[in-house]
Every structure is written in C-alpha cells, then in structure tokens.
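Which chain is which? The protein sequence lines are A and B, in order. The number in my numbering is simply the position in the first sequence, starting from 1, with 1241 added. The number in my numbering is simply the position in the second sequence, starting from 1, with 88 added.
A hint or two may mislead.
Claimed, not checked - Subject to a maximum C-alpha distance of 16 Å in a straight line, what follows is the list of computed EDC-like cross-link-like pairs (lysine to aspartate or glutamate): (1) Lys-237(B) / Glu-273(B); (2) Lys-118(B) / Glu-1335(A); (3) Lys-1258(A) / Glu-1322(A); (4) Lys-182(B) / Glu-1335(A); (5) Lys-221(B) / Glu-107(B); (6) Lys-182(B) / Glu-145(B).
By construction, these hints were calculated from the structure, which means they are not laboratory data.
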Amino acid sequence: MPTPRTETREICSFTSKDWTGRPADGAGAMFGGFSVIGFVACLVLMTFTPGLRDVGATMLFVALFASTFTFLGILGKNSSERAFLQRLTGTVNEVVLELTADRTNQLSPDELRSLLVEGGSLPLLVNGVSGLHLMVIPQPSPKPKQYAKPKTEVVTTTRIVIAATPPDYGINSFDRLLETATTDPGFNSAAS
Amino acid sequence: MRVVSRDATPAPPLDNYAEFIGRLDAAAGKLTPRRDALAKALGAAELLFNQNHAGLELWGQRLSLINQLLARHTATQHARRYSTLRELHDVAFKMEQMFTSRTQRVQGVCRAIRARRDQINTSLFELEKSRVKLTSSRMLALERENLRKVANDLSVPAEGINLGFPDPGLRESLREAREAIILAEALLEVKGN
C-alpha cells in the first residue's frame, strides 16, 4: 500500500528580490539615504545660494528632497513589481490553461497576488478529474555561501507549483471489510 | 520564466540573410515559452495520471481477489456470506470503474498535451535547421564578397606597372594571386550550392 504522498511540479520560482508584494518595504532606509544625499546637496548649494545658510531652510530642503525621491523610488518599484506580477500571471495561466483547457479558469494578477501573499491553494480540474492544486511554497533560500556577509537581508525563494495529492483510494476500509467477511468462522471449511 | 531573445540589438540589415535569420529567431522565441509551459503542464498531468492509475491497479487487484472468492462459493451454500461478498464485489467494481474513467480522462489530456508538444518540437527543429543553413550560406556569401573585393584591390591596370616600377616579378605574383582568388571563388561556389 503506497503511502499517500503529495508530489509537486514547479511552474516557476522567483526570489524576494523580484517580487515582495510590499513595494513600500525599506522606505525608511531609502528615506534615510536620500536625507544624507539631500544634506550633502544642500551643503554644496549653500556655496552658491546664501539663502540656504540657515538651519530651518536646510531642514526644509532635506525633508523635501528625501520625501520626493523616496516617493519616486517607491513608485518605480511598485510599477516594476506590477510588471513582474503580470508576467508571472501569464506564465502560470499558460500552464493552467493547458491543464484545464478552460479559459474561465484563468487567474488575474490580483488573484495571484492574494495566492502569493496569503498562501492557500487553488483546485484545478483536469478534464473533470480533481486532484491537482495550484500552490505557493515559500521557502528560505539555500544557506548563503560562507564568504557572503551574514548581515545581508535574507533572500527568500517562492515557488509556484502544481501539487498532486493522491485521492483517498478507500482501499484500507475495503480490506478491513473483506477481512471480517473472510475470517468468519467456518469460512475456510466452506471454501474448501 | 520568460525567454529573453538572445540578441536584443539586431545587426544592421546588411543583407537579407540577417532579416530571414531574425525572422526565424523570432518564430523560435515565440514557440519556446509555449513548449516550456506544455512541458510543465505535462509533468503535472502525468502526476495525476500516475496516482489515478495506482488507484485503478489497487482496485483491480481487489476485484480479481473477490472474484476468486466468489467463484469458490455458491449462493445456495452460504447465503449470508455470499451476499456480503457480493456487496463487496459491487463496491470494488464501482471503484474500479471510477478509476478507469478518471485514468482515461487524464490520459486524454496527457495525450493532447504531448501531441502539441511534439508538434512544437518538430517545428522548432525545422526552424533550427533552416537557421543553420541560412547562417552557413550567409558566411559563404560574405567570403565570396571578400574575395571579390580583394581581387579588385589587387588588379592593377597593366600599363601602370611599367611606369616607375620595372619589376617583372611583381607582375607575375599579382597574376598568381588573382588566379588563386578566382580558383577559391569557384571552389566556394561549388561548395555553397
């Protein structure tokens, strides 16, 4: 009796560098970085414009500078993530379409996003036969190489897979019933 | 993942070979991701097929076992036991039928996917073959062109040599070079066609 074992086939995988679902992540660090750059820029500008040689003006300049560039950065990241999600959806949909041959089963980018963020699985019917699920398996990437700096942010890999869960064959119950029937006293004598 | 076309910057269209090769590449680039998707779908469908096939085998075993048991009994001898076995037989029969139909359905899908994949593979192979052919004939054409250019550069008006250069050896060498080039050109022509 083979043990029920879920097997998977990978459709595609990506790392958290490609897509996180949270484009605003790291906004604080970005803001800090742009603040420093803004301050330096302000110092340079001070040599030309005497009006900036003032604490209030400097602070205002730095704040505006950092906010603007952080905003633009997040906007850019957002659009690149959206494009990536779009491509990912296309890849997944192509495989799903081959399996289900049903155009109504196609995922929209938003559905894929919720699948990626919240996990869970999506049942797929292959010519009316159940048993396949579209699933997302997040996993920490393999241990970074020794010489890599341990402080760097952990990159996680997310795999989008199709999992096949064996159906409950019902063999066990049947065997037990059969056993009870055959071990009935007098069965063997009757059989002979 | 998406296949990025290998040469994003197409070479300037110095000859129509490049255009044709570019068209072949574009066609292959469109087919390749489709083939990858098909391969993945096939992998998943095969998993499903294997599982249902395993179920079919398990129930097939049970069915033949119970058929044997039934054959050893007669309804008249042990009515109660016989009816129990009969019942179990019906269950096994139904299950076997169910798994047969599931297996067949999945197999149909597998077969369709495989057929499409094979089609694409054939087409990709053809594309690659004509690509190789075009590339080699383009190379030959380029070589021929080069030879012609060299020959033109080497050919000197006959009277020009005698003016300041009374060198009979040079004239002879140039003639030899021209001959060699013409021979090579002829050879290329033969090989190219």
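Do the hints match the structure? See the list:
| no. | hint | result |
| --- | --- | --- |
| 1 | Lys-237(B) / Glu-273(B) | holds (12 Å) |
| 2 | Lys-118(B) / Glu-1335(A) | holds (13 Å) |
| 3 | Lys-1258(A) / Glu-1322(A) | holds (10 Å) |
| 4 | Lys-182(B) / Glu-1335(A) | violated (35 Å) |
| 5 | Lys-221(B) / Glu-107(B) | holds (14 Å) |
| 6 | Lys-182(B) / Glu-145(B) | holds (13 Å) |
Hint violations for this structure: number 4 only, all remaining hints satisfied.
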